[in-house]
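Assemble chain E onto chain S, guided by the hints.
Read top to bottom, the protein sequences are chains S and E. Following our numbering, the numbering of the first sequence begins with 1 at its first residue and continues without gaps. Following our numbering, the numbering of the second sequence begins with 1001 at its first residue and continues without gaps.
Derived by calculation from the structure, the hints in this document are not laboratory data. Nothing here was measured: the structure is a model prediction, and the numbers come from that model. Heads up, a few of these hints could be off.
Result set (DSS-like, lysine-lysine): computed pairs, CA atoms no more than 25 Å apart in a straight line [to be verified]:
| hint | chain 1 | residue 1 | chain 2 | residue 2 |
| --- | --- | --- | --- | --- |
| 1 | E | Lys1017 | S | Lys200 |
| 2 | S | Lys126 | S | Lys159 |
| 3 | S | Lys232 | S | Lys159 |
| 4 | S | Lys126 | S | Lys219 |
| 5 | E | Lys1197 | E | Lys1173 |
| 6 | S | Lys200 | E | Lys1197 |
Here is what each chain is made of, one letter per residue.
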Amino acid sequence: MAKRLMKGNEAIGEAAVQAGALQYFCYPITPQSEVAEYLAKRMPEVGGMFLQGESEVAVANMIFGGASTGERVFTTSSSPGISLMQEAISYIAGAQLPAVFVNIVRCGPGLGGILPAQCDYNQAVKGGGHGDYKLLVLAPATVQEAVDLMMLAFDLAEKYHNPVMMMGDGMIGQMMEPVEFNPPPKTGEFDTSWAATGCKGRDPVIIRSLYLDPLVLEKNNLEMNEKYEQMKREEVRFEAYNVSDENELLLVSHGTMSRVCRTVIDDMAREKISIGMIRPITLFPFPYEAISEAAEGKKAVISVEMSLGQQVEDVKLAVLGKVPVHFWGRTGGVVPTPDETAEALKQFL
Amino acid sequence: MEAVEEKLVFTRPESLKETVTHYCPGCTHGVIHRMLAEILDELGIRERAVGVAPVGCAVLIYNYIKTDFLEAAHGRAPAFATGLKRVRPDLIGFTYQGDGDLASIGTAEILHAANRSEKFTTIFVNNAVYGMTGGQMAPTTMPDQVTTTCPFGRSTQETGMPLRVAEMLASLKTPSFIARVSVHDPAHIVQAKKILKRAFQYQIDNVCFSLVEFLSICPTNWGMNARESFQWLEENMLPYYSLGVKKAPEED
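So that you can see chain S by itself, here it is in the shape it has in the complex (with noise of 0.2 Å):
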């Protein structure tokens, strides 16, 4: 299939749609509003539902609604609009419903502003909404991996049963590049018998997130505790970029901070001086054991981030103290330059 030049906003709506996500629930925010405006079009043309709500509130809740009948259902929003589903998020996992939702996060807190950050790293991976529960995150560093990322998102929400948040700083929302749609293989109908659709022929289910007996609801929120523990055994996902014997540093960056990392790896090679770095795909789960084991040896480890350090807490838990650990970036919408980026990391050599 011939490569097209997209939008990563547009691309992002594409990939749902050729991922058999044809009901779709928004409102506008930038820097995601692409993502709506590409679908409004595209929607019906595919067949598909378009609806624009009143606020995130109500489209997170009619996320939960759409979720219950077991088709795959999405929206997409940035940082004050994730913030205001919270609600709904924290209900859809208790509920045990499938459903992604995409953050393509600006800088906070508050209204922020509307460049690219990182800084809801804490509130996707941490939690975001009220309870003992956890969300699939994956974080996309190109335009074409948001696209896989995507398509990926709505299988594994289907594999767990649980909501998963495609989270992609607002240059991966907002920058052009090259893609292919390459949806995966079809893993097998998805088992709807659980799904509120009519009780013709079974008894009614019901589909809540209410346990009063607090027996039940911890045997509830253990059960999808195993979720978790499962999600960690099986679906970690980074890359290893230059990793080596040789390193003196190692790098940890996901997103768009990742590709500066990258150039200022091969800039410092060329002045001889070796650095490697591991790239979060899955930010929950954290690819705690990858950085652990590229961090022996090596002078410092390294969180680069586009916030104040939310991520450098997971990489000190990876790392345990074996060596020293620190943290660089830029916040507020500020996008570090290779050249700052290599100067500041030059303190730690």
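Okay, now just chain E, sitting in the frame of chain S:
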């Protein structure tokens, strides 16, 4: 002796589970549940109906009504039902919501669902108080009515006048069916059932959004017995919350 043919004239609706409810003595949720169950039976829609339970006393409605159910976040039932019906328009969707749920935290969701004329039916139970949390002031609480959060009576100076949901939604230009009924005596119950059945028929015919507001009682939180509660409803709520069809699609 001549044989007498027996004919069963009254029985438990198939849509109503045979169980003990958690509702307080005298509560009118039971009357409305039974009415809903009878209508689901009579219209033959039980097996393709999906209810959306609220947060409030009726959150456990799925223990009593024999259809598929979703359990919504507080006030969000109309968004749940929107998601359900947009994805599966062939199903019958209904929400069952109290006044704290629908008229306070969920005003945005019900207003916009009505304005888009989403093809589902809302049963809105207005008993002028938050029931499950223990009798706090609702947007529908009457002026000077005493609740646990307005212990000196509702001050309209500070908290405004009771919200008339049926009138508010009837003011929308988009076609829909909006009515207010009461269940404080048998005659009104019979009338209420006719109107709720009509509301579901509009959905079955894919015509429009429909909402029926039920004036209802809460003896526990009103601090009265059921008989006094019915009288209080009649004297205090009826004059302010007028009954009848507020808007029908045929008029638009």
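These are the hints, each one checked on the structure:
Only pairs whose Cα atoms come within 25 Å are accepted, and E:Lys1017 paired with S:Lys200 is accepted, the gap being roughly 16 Å. Note on S:Lys126 and S:Lys159: the hinted pairing holds, with a Cα-Cα distance of about 21 Å set against a maximum of 25 Å. Using a Cα cut-off of 25 Å, the hinted pair S:Lys232 and S:Lys159 holds, with the two alpha carbons roughly 14 Å apart. Distance hint between S:Lys126 and S:Lys219 is fulfilled; the C-alpha atoms sit about 21 Å from each other, no more than 25 Å.
The suggested pairing of E:Lys1197 with E:Lys1173 holds, with an alpha-carbon distance near 23 Å, which does not exceed 25 Å. Of the pairs offered as hints, the one joining S:Lys200 and E:Lys1197 holds, with about 21 Å between alpha carbons and a cut-off of 25 Å not exceeded.
Against the hints set out earlier in the document, no violation occurs for any number.
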